[in-house]
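Using the hints, position chain B against chain A.
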Amino acid sequence: MSDHIVRAFDADLRTLRGMIAEMGGLAEKMMTESTRALAARDIELARRVIAMDPKLDALQHEIEEKAVLTIARRQPMAVDLRDIVSAIRIASDLERIGDLAKNVAKRVVAIAGQFHPQKIVTGVEHMSDLVMGQLRDVLDAYAARDDDRAMDVWNRDGQIDALYTALFRELLTYMMEDPRNITFCTHLLFAAKNVERIGDHTTNIAETVHYLVTGHTLTAERPKNDTSSFTTLDEATGA
Amino acid sequence: MTDDRETSHNQGPTTVNRMADLNMPLTSAAGLFTANAPKVTARDVTVHYGDKQALFGVSIDIPEKSVTAFIGPSGCGKSTFLRCINRMNDTIPICRVAGEILIDGADIYDRRLDPVLLRARVGMVFQKPNPFPKTIYENVAYGPRIHGTTASRQELDGVVETSLRKAGLWDEVKDRLDQPGTGLSGGQQQRLCIARAIAVGPEVILMDEPCSALDPIATARIEELIFELAANFTIVIVTHSMQQAARVSQQTAFFHLGHLVEYGATEQIFTAPSDKRTQDYITGRFG
Chain A
1429 MSDHIVRAFD ADLRTLRGMI AEMGGLAEKM MTESTRALAA RDIELARRVI AMDPKLDALQ
1489 HEIEEKAVLT IARRQPMAVD LRDIVSAIRI ASDLERIGDL AKNVAKRVVA IAGQFHPQKI
1549 VTGVEHMSDL VMGQLRDVLD AYAARDDDRA MDVWNRDGQI DALYTALFRE LLTYMMEDPR
1609 NITFCTHLLF AAKNVERIGD HTTNIAETVH YLVTGHTLTA ERPKNDTSSF TTLDEATGA
Chain B
57 MTDDRETSHN QGPTTVNRMA DLNMPLTSAA GLFTANAPKV TARDVTVHYG DKQALFGVSI
117 DIPEKSVTAF IGPSGCGKST FLRCINRMND TIPICRVAGE ILIDGADIYD RRLDPVLLRA
177 RVGMVFQKPN PFPKTIYENV AYGPRIHGTT ASRQELDGVV ETSLRKAGLW DEVKDRLDQP
237 GTGLSGGQQQ RLCIARAIAV GPEVILMDEP CSALDPIATA RIEELIFELA ANFTIVIVTH
297 SMQQAARVSQ QTAFFHLGHL VEYGATEQIF TAPSDKRTQD YITGRFG
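Just so you know, the sequences run in chain order A and B. Offset between the first sequence (1-based) and the numbering used here: plus 1428. Offset between the second sequence (1-based) and the numbering used here: plus 56.
No lab work stands behind these hints: they were computed from the structure. This structure is a prediction, so every number in the text was calculated from the model and none was measured. Ideal Cβ positions, reconstructed from N, Cα and C, are used throughout, including at glycine.
Sample of chain A residues lacking proximity to chain B, with all beta carbon distances greater than 10 Å (derived):
| # | residue |
| --- | --- |
| 1 | L1454 |
| 2 | E1456 |
| 3 | P1482 |
| 4 | D1527 |
| 5 | R1564 |
| 6 | H1615 |
| 7 | A1648 |
Label pairs and their computed distance ranges (CB to CB):
| # | chain 1 | residue 1 | chain 2 | residue 2 | range |
| --- | --- | --- | --- | --- | --- |
| 8 | B | I273 | A | P1482 | 41 to 47 Å |
| 9 | B | D107 | A | D1431 | 33 to 39 Å |
| 10 | A | H1644 | B | A93 | 26 to 32 Å |
| 11 | A | I1471 | B | S330 | 51 to 57 Å |
| 12 | A | D1557 | B | A93 | 55 to 61 Å |
| 13 | B | A93 | A | R1564 | 51 to 57 Å |
| 14 | B | D163 | A | D1431 | 40 to 46 Å |
Isolated chain A (complex conformation) (with noise of 0.2 Å):
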């Protein structure tokens, strides 16, 4: 990838690839710690995850200005300037990502000191860990240019909404059992929505990563399972 005859070039997307990693890191640890502090309704983690925030947000900016100021200095082409586009698109998913990561953490405050059987929230959980598993795998994705693993991560997106739609209707059944867990799970039905809405951007940079390899877009239509929105009460419940 490096070996420009300018090597300020080189460098300049040595650092931006540098950014990008460092945004990816960062948006992982909210993501895995707003999970671990929903599991452990622990307040303080959560805080911690939200004061996180706007480091990503400051990072996010900074690719842009930095991309921006290469793109007007080198006059990139070809996989060049697809690598300063990605590195654009995928700094803003990374900054979605984080928001929602934080909206997670906020649930947490919100929740915080209600009743709450623990088997309601190993759905969420199990459910983060397959977007925690699917976040790391589109980076590394990204850092080694492998397009196969990125389509790996694009192609799994399915599984992520089936197991949201059937996270929904488990949800829904808690509530019909005992209207005290209603708050607790409609709290815990936003945060899974966020959890989903995650892996779409996960799905989005893995878009980028087969863009900036091959040099094409992504057509297919992507895989979706989400059936949550036609699901009725009667359905949910087996009525």
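Same frame as chain A, now just chain B:
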């Protein structure tokens, strides 16, 4: 983006068939790209300077009324090939050209063809502006006069004005047509040379690095002019500036070591070239 391009260039299914019939060797990653009907067709063109081979089997279709850019490192053969299109290489005794170049389907290397007449159909603009040491008027009038294409002084005046207008120079020189062309600025001189080329009513205009001696403003004027001229002429431009090729052309051909490496729609060449050599060259990685 793709859709826009197709509507503006699509000439209906016949174009595609004709191109397919010619076994068009386009190496575009997207396969055949939609373009105007070919104006210049080259098949297996080989050029030797004495013992040294400068071009190796170049085959290309250059669509009419559009801008085609040739890029590549110095000595890659792009100028050599450009000069084949109006038989400028005939003037070099040790130069041998083999293969076939057709304009509108007619062989330009046909022995019965007068190269002087060919060069009226295929005009050329060079790197350094080279106006004749004559007045501005005479620079433009020279071609029509020697080709005898105008019947009266009045008609000649008309051709001079139209040509200068098309070259975007008329307003700047209309009050000093009797002054020497060499007294103009570099950018104006280059536009004068373009006016001179247009005056004989060519179909194809070849430009060999037309902006490399000009400042950015004069360059922008020429590029704007190239864009306007493409509505009526087939333009082939050799340029060392990748950005210029990206800005002005619809098709780009990359030459390397005498070979045509890749030819395709400009947007594809500059965003996703399919050959590694093209990629390395346009991104500045050539060792």
